[in-house]
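A.B. asks: For the record, the sequence lines run as chains E and C.
Sequential numbering of the first sequence, starting at 1, is according to the numbering used here.
Sequential numbering of the second sequence, starting at 1, is according to the numbering used here.
One thing to keep in mind: the hints can contain errors.
[Unchecked claim] To spell it out: a stretch of chain C is covered by chain E in this simulated footprint if at least three of its residues, at any positions, have a beta carbon under 8 Å from a beta carbon of chain E; those stretches are:
id: 1; region: 28-40
id: 2; region: 106-119
[Unchecked claim] In silico negatives: residues of chain C with every beta carbon more than 10 Å from chain E:
id: 3; residue: Ile78
id: 4; residue: Asp169
id: 5; residue: Ala202
Worth flagging that the hints you see were computed from the coordinates, not collected in a lab.
This one's a predicted model, so the numbers in the text were calculated from it and none came from an experiment.
Using N, Cα and C, we set each Cβ at its ideal position, and we do this for glycine too.
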Amino acid sequence: MTIKGEKRLSYMVLALPAVIIYLAVVAFPTIFSVLLSLTNYNGGPIFGNSDIQFVGFKSYIWMFTEPTGNFYTSLLNNMYIVGVSVFGQIPLGFAMAYILSRKLIKTGTRFFQSMIFLPYVISPIIIGVLFKAFIMGPHSVYMEIVRTFNPDAVFTLNTRPMIPVLLVILWMFTGFYMIIFLANMQRIDPAIIEAARIDGAKEGRILYHIILPAMTGVIITCAILAISGSLRTFDLIYAMTSGGPAGQTRVLSLYMYQSAFQGSANYPLANAISTVMVLISVILIVVTRRVGRIFGGKEE
Amino acid sequence: MDNRSVSIVTKVFIYLVMSVFAVLSIYPIFWLLLQSFKTNQVYLTTNKLSFPAEWFFGNYEFVWVRGGFSTFFSNSVIYAVITVVLVVLLSNMAGFAFAKIRYKITPLLHGLFVVGILLTIQSILIPLFLMVNAVGLYNTRLGVLIPYIGLGLPMGVYLCTDFMKGIHDELLEAARIDGAGFLKIFARIVFPMCAPVSVTLAIITFTATWNEFILMNLMTAGDKYKAIPAAVGRFAGTLGSDYGKLFTSLSISLIPILIFYLIFRNQITKGVAAGSVKG
Numbered sequence: 001m002t003i004k005g006e007k008r009l010s011y012m013v014l015a016l017p018a019v020i021i022y023l024a025v026v027a028f029p030t031i032f033s034v035l036l037s038l039t040n041y042n043g044g045p046i047f048g049n050s051d052i053q054f055v056g057f058k059s060y061i062w063m064f065t066e067p068t069g070n071f072y073t074s075l076l077n078n079m080y081i082v083g084v085s086v087f088g089q090i091p092l093g094f095a096m097a098y099i100l101s102r103k104l105i106k107t108g109t110r111f112f113q114s115m116i117f118l119p120y121v122i123s124p125i126i127i128g129v130l131f132k133a134f135i136m137g138p139h140s141v142y143m144e145i146v147r148t149f150n151p152d153a154v155f156t157l158n159t160r161p162m163i164p165v166l167l168v169i170l171w172m173f174t175g176f177y178m179i180i181f182l183a184n185m186q187r188i189d190p191a192i193i194e195a196a197r198i199d200g201a202k203e204g205r206i207l208y209h210i211i212l213p214a215m216t217g218v219i220i221t222c223a224i225l226a227i228s229g230s231l232r233t234f235d236l237i238y239a240m241t242s243g244g245p246a247g248q249t250r251v252l253s254l255y256m257y258q259s260a261f262q263g264s265a266n267y268p269l270a271n272a273i274s275t276v277m278v279l280i281s282v283i284l285i286v287v288t289r290r291v292g293r294i295f296g297g298k299e300e
Numbered sequence: 001m002d003n004r005s006v007s008i009v010t011k012v013f014i015y016l017v018m019s020v021f022a023v024l025s026i027y028p029i030f031w032l033l034l035q036s037f038k039t040n041q042v043y044l045t046t047n048k049l050s051f052p053a054e055w056f057f058g059n060y061e062f063v064w065v066r067g068g069f070s071t072f073f074s075n076s077v078i079y080a081v082i083t084v085v086l087v088v089l090l091s092n093m094a095g096f097a098f099a100k101i102r103y104k105i106t107p108l109l110h111g112l113f114v115v116g117i118l119l120t121i122q123s124i125l126i127p128l129f130l131m132v133n134a135v136g137l138y139n140t141r142l143g144v145l146i147p148y149i150g151l152g153l154p155m156g157v158y159l160c161t162d163f164m165k166g167i168h169d170e171l172l173e174a175a176r177i178d179g180a181g182f183l184k185i186f187a188r189i190v191f192p193m194c195a196p197v198s199v200t201l202a203i204i205t206f207t208a209t210w211n212e213f214i215l216m217n218l219m220t221a222g223d224k225y226k227a228i229p230a231a232v233g234r235f236a237g238t239l240g241s242d243y244g245k246l247f248t249s250l251s252i253s254l255i256p257i258l259i260f261y262l263i264f265r266n267q268i269t270k271g272v273a274a275g276s277v278k279g
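Here chain C stands alone, though its shape is the one from the complex (with noise of 0.2 Å):
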């Protein structure tokens, strides 16, 4: 695209605009990143906004180590692989029942998981939690996991569906015609097919799990299968006067994320806007 109807000046000024906003959104997980190698005494005396005179690594050690987030960090990677793996995996098993078999009850199904979407998890909460003790998993690593996989799956059969109805019939009745089963032809055909729309469903199922606090919070007690957010949350509270190490507990929670991020900027913004524009 020529760019003729476009002034030198509303150029500088775009750019400058869009500058500004570039920098608002990332200067203060900068300025985080910096002030977690200060001391508590450091950052309590010296400008805030500075950039440390002597870089200090204590408080990862001690964040890591005493503060518990080694245990943090690996419960947050068991609940993201395994939730993710199961969200992609079943809705892509019920996307293919749903877009490829069909059954008179597959409006109806298909339907409720649509409307799974738009609903909020907060507003069932406290059926949530009650049911969760009623079968005695409060407190366990499958109380967490059984509601992450199901709140992952609206989203993840809806997509799935959605990419699976633009399969071609004649391919699957090909395979038909050679006598293979439905089951057969997911696994084999279908399945690999759907890899793209599986990347992308990896990816929101991954970040909205490893992001995931409330119901984390409310359904575990203690350390011990607690993840990182929830860490924090409680970390914040016992360590709040302590900022160097507050800071540095922030750091190794966003570390991971703006990593994974930096990966896969691209795929996360594919599936954002996939996900979200049709509710």
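In isolation and in its complexed conformation, chain E is listed as follows (with noise of 0.2 Å):
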């Protein structure tokens, strides 16, 4: 054998189980996807099957105009959940991991991070079953405390259900964040720090002039994970809520799923959300390419 056929076969062999995995299970289903969306598919053998037509947008009209806004309510609580991120767990991560980073305390750091890190390794669906016994329901530890003031309190249905859906995300994911900024605090060349101090500057200034003009792309980075997180959001709902009560909680791939999988199938809605879903990813990867880009030096 040629030392060029050799690499040639090498290449194939080492890339290609791989590549050929990939590209079934990710990549065609994909574009399948799409497709699919854009026919009156709705069950059924789908190969060879002469009732499948192609009916153009159909269903996306259907899905953006039909009258219970579903659509909109699952949007919005997906926008909820990309809040909680920005205003919540990254301020909150980000403040947690500098304060590690700057050992501002010296003792007991692992112990904090390890911690604090802890429910983002539990499984969602886990912890959704759990805090709709801990926090939902009449024999809640949420209502054993709210009795302990009030012992003649009485369980009623929450009104803005999404708001301990919300807590809880934001009790997963904090950590999370908190390890993405730690990892990358810990990247800043020490030496700058030790020069600024030895000019006589101030932790604030530190803080302001050096570590948060460093951490600007990780920000948006976190950002981007932040949307990204909140379209795979699905375990933690549908095991605390099960998106209601009347679909209030329910974010896109839940109510992608509901369409498709449970009562009567509606799979042109379900792959016309999915399609959004897709759509919101790839813009995100592009968006994601730029920053990285655009601040790529200082992720490295």
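Put the complex together from the two separate chains, hints included.
C.D. replies: As structure tokens, then:
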């Protein structure tokens, strides 16, 4: 065998298994999903089914204009989740990472880091079921605490059902952002900070003039991760509320899932929702690459 | 680093705040483990925040034996181990080809994988479900495993390619001159050198697979092939009114990942940071 032939064969043997599985499991379904959303396919065999017709954007128009406004409710909930990240998890995570990385406290940094990150590694479905028992319903800890102050309190349904969901999301993912900030803050050259200190800079000035500017790219990356994370949110809400009451806590993924797999199937609608999610992902990817190019040096 | 610029008062305040966050983070889990040792009757009638007066182990026996959690547990182990092994191996192989052999098509292929990192699986759930059905893999282990491996690859290929770019070419060229083929170089030299990134990848993949719910729930029917999270989802519906057993099923699901976290917490945080920053 020639050297060139050996090189080519090796490349194929090494790269092809991953490429084939990836194309089959991720790339092809993505395109497939977009194509399906333009047809009237609604269950049954998909290959060789002559009833499947091309209907253009009919499903999308229906999704955007149907009277219940379920799509907008779900999208708004996704935005609330992004909001909790941007205004809650990211600032909190940043603050904690700052405290830990600047060693403002000497002992226990490892301990705090491990404890605060812990919720992130637990299955969201388990967390959902746990918090359903913990803060929702007549036998919850929440009601127990309410009753210690007001023994006659009776459990009532929450009028703003997204609030407990958002609190749990805040609880789960703050540690994740803390870890990302921590990893990047540790990459800042300590000599720069030391030089500033020798020049008499106070802690506040170090934060404002050295650490914050170095973290700009990371903060933007975190915001992007927040959006993609909100699109991924499913298990937690599925377990906590199943999107109820009356669809008030649905997010796009749950709306899609319930349209396709629960009750009377509506695949065209579900596929249209999927495509919107793919579109948002694609936009995010483009933005991420841009951000990576602008701030790339600082994130290496 | 010295701490002259931080006063004692500030320090106490910081300790206080951090302690509050740490306690908030672990208290619900601690609470859950405690309540799993109460019978339903005891849970409903005593203070919800109290320690169990008598430690009751019957829930564990019920959930493990009658609840079928021994099956779900071994399914979880099977899915996680096979997925981890194959994702690590395939990612290393592709990473080596992309970083060290290189063809014109490499940037395109590598780019495809990188794009996959930010893609959400929910958006491809329906086509995946239809495809798994069409090829007759519905309610089989393979029907779950193949998607799991495919979904683990984007991050894996990205991390491995990145790591292998850091290996010096001279090392490979020396082996080439000695007459070693690329496959041999990969197996004998590069793959062992990539142990650090393989460990990181294995840990990320293990956590993700162990916790995965939506795909498992969709691709399997009945209990035979379900793993722990999907079982918990169903269990919560049927056992929702028996809190003792419900909490125990959650605790049984939690304990393995807690132990895993205690052992590997530093690698886990490192892996999460490495995987998510660049995207």
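A.B. asks: Taking the closest pair, is the beta carbon of isoleucine 78 of chain C still more than 10 Å from chain E?
C.D. replies: holds, 17 Å
A.B. asks: Checking C-beta pairs, does the region 28-40 of chain C have three or more residues closer than 8 Å to chain E?
C.D. replies: holds (count 4)
A.B. asks: Holds or violated: is the Cβ of aspartate 169 of chain C farther than 10 Å from all Cβ atoms of chain E?
C.D. replies: For aspartate 169 of chain C, whose nearest Cβ neighbour in chain E is about 14 Å away, the distance exceeds 10 Å, so it holds.
A.B. asks: Given that the region 106-119 of chain C was listed as covered by chain E, double-check it with a C-beta distance under 8 Å for 3 or more residues.
C.D. replies: With 7 residues closer than 8 Å to chain E, the region 106-119 of chain C meets the three-residue bar; holds.
A.B. asks: Compute the least Cβ-Cβ separation between alanine 202 of chain C and chain E, then decide whether it is above 10 Å.
C.D. replies: holds, 14 Å
Consistency with the previously given hints is maintained throughout, with no hint failing.
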